[in-house]
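2 protein chains.
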Amino acid sequence: MEGKGILIVVSGFSGSGKGTLMRRLLEKYDNYALSVSATTRSPRPGEEEGKAYFFKTVDEFEKMIAKDELIEYARYVDNYYGTPRVYVEEKLREGRDVILEIEIQGALKVKEQFPDTLLLFVTPPTAAELRSRLTGRGTETMEVIESRLRRAEEEADSMKYYDYLIINDKLEECVAEVHSIIQGEHRRGFRNKTFMENIKKELKGE
Amino acid sequence: MEGKGILIVVSGFSGSGKGTLMRRLLEKYDNYALSVSATTRSPRPGEEEGKAYFFKTVDEFEKMIAKDELIEYARYVDNYYGTPRVYVEEKLREGRDVILEIEIQGALKVKEQFPDTLLLFVTPPTAAELRSRLTGRGTETMEVIESRLRRAEEEADSMKYYDYLIINDKLEECVAEVHSIIQGEHRRGFRNKTFMENIKKELKGE
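For the protein sequence lines, the chains are A and B, in the order given. Residue numbers for the first sequence follow this note's numbering, beginning at 1 and rising by one. Residue numbers for the second sequence follow this note's numbering, beginning at 1 and rising by one.
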């Protein structure tokens, strides 16, 4: 109603299928724009500039940080990853809902800066299913399994900061559900302050 | 997921069509139970005990108050109206979403007691439309119009306490939207604490 898009951050357990989920959401509905991250890591074969990532040198990236041109950024394994501010703000102004697929740390930073951000956490349907995906089918070393479990444990502790739990069981149903949750969010009271103000003014005969 | 129903309070401007909206919602979907109010006013022709209202004497009603058998109650024009606790709690336990159609004062009292209550506020699609419904078509006395506008002004001040604004433009679309909002609410993080706890336990190997 306010003609303004919602900033949506999607995180989730490894193995939750959140990437596929988001891809289908964007294929199926026109409402959404997916934010493209900037990174200093080298492009892998087939990765296009501005599609997979905006590829930057360390120097360029650090200038973006200095100029506050990133909503959030983080360093993983010696590479920077971040969310360019311009694209996100432009799409929101156009009324598109903008989706960021980022890790929990980044998600919470975004929420701090933009308190109206909608946080979605994607998870397999059961704890047993999650555990079995993380421990693998006997093909992984104990070390890999342990590291996955530790990571998931940390992530599980942060689920409570998310607005919604997205249970990814059947893909197409889940895509429809995510769409419906986001559409419902447009009706939230706090996202419709202008509408409320207009009603109050009209009733006072202003 | 938790197998627990949501308590939903619906309020709205006079002329918002919230009564019709709720009736259609209940006809169309099996998920919902409508709470029946208790009142001390006399039954009107055709009003059945336990359907329109539970009809009580003043003495009976005041005993219900004393025994804390009402979630909320209020007095209008010398009659008591209230929401019996037993029915609501029983239906919630059965996993039904229970709908209370009550005034703002009562709504806020319910929310105080049950912080997980979902508050929906129904409004016509525009301020102009609301104003025109309230002022009527030249068939009302100034007094009636003034009293409606004052009431709506008060109500508009309290809209901000509601979780969602329900814009009642086209009835069937609006019914589907309300259903979808409520279903989405079942995925809220704070409504799924058991699910989160289970995941944490499994990951820790408990």
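For the record, the hints were derived by calculation from the structure and aren't laboratory data. Only a predicted model underlies this, so the values are computations on that prediction, with no experimental measurement involved. Some clues are possibly wrong.
Stated by the list, open to error - Simulated pairs of lysine-lysine, DSS-like, Cα-Cα distance not exceeding 25 Å:
#	chain 1	residue 1	chain 2	residue 2
1	A	K67	A	K28
2	B	K67	A	K193
3	B	K160	A	K4
As the list claims (entries may be wrong) - Some residues of chain A that are not near chain B, with every Cβ distance over 10 Å (derived):
#	residue
4	D30
5	G46
6	K67
7	L130
8	E140
9	T141
10	E185
We put the CB at the ideal spot given by N, CA and C, even for glycine.
A quick look at each hint next to the structure:
At roughly 36 Å between alpha-carbon atoms, K67/A and K28/A are farther apart than 25 Å, so this suggested pair is violated. For the proposed pair K67/B and K193/A, the alpha carbon gap of about 40 Å is over 25 Å, so the pair is violated. Distance restraint check for K160/B and K4/A: the Cα-Cα separation of roughly 19 Å lies within the 25 Å cut-off, and the hinted pair is therefore satisfied. Every Cβ of chain B is farther than 10 Å from the Cβ of D30/A; the closest lies at roughly 18 Å, confirming the non-interface assignment.
Interface exclusion of G46/A from chain B stands, the closest Cβ pair being 34 Å apart, more than 10 Å. For K67/A, the condition that its CB be more than 10 Å from all CB atoms of chain B holds, with the nearest at approximately 34 Å. The non-interface label for L130/A is inconsistent with chain B: the shortest C-beta to C-beta separation is roughly 6 Å, within 10 Å. For E140/A, the shortest C-beta to C-beta distance to chain B comes to about 16 Å, beyond the 10 Å cut-off, and the non-interface label holds.
At roughly 18 Å from the closest C-beta of chain B, the C-beta of T141/A stays outside 10 Å, upholding its exclusion from the interface. Distance check for E185/A against chain B: the nearest CB is about 8 Å away, which does not clear 10 Å, and the non-interface claim fails.
Consistency with the previously given hints fails for numbers 1, 2, 7 and 10, ordered from lowest to highest.
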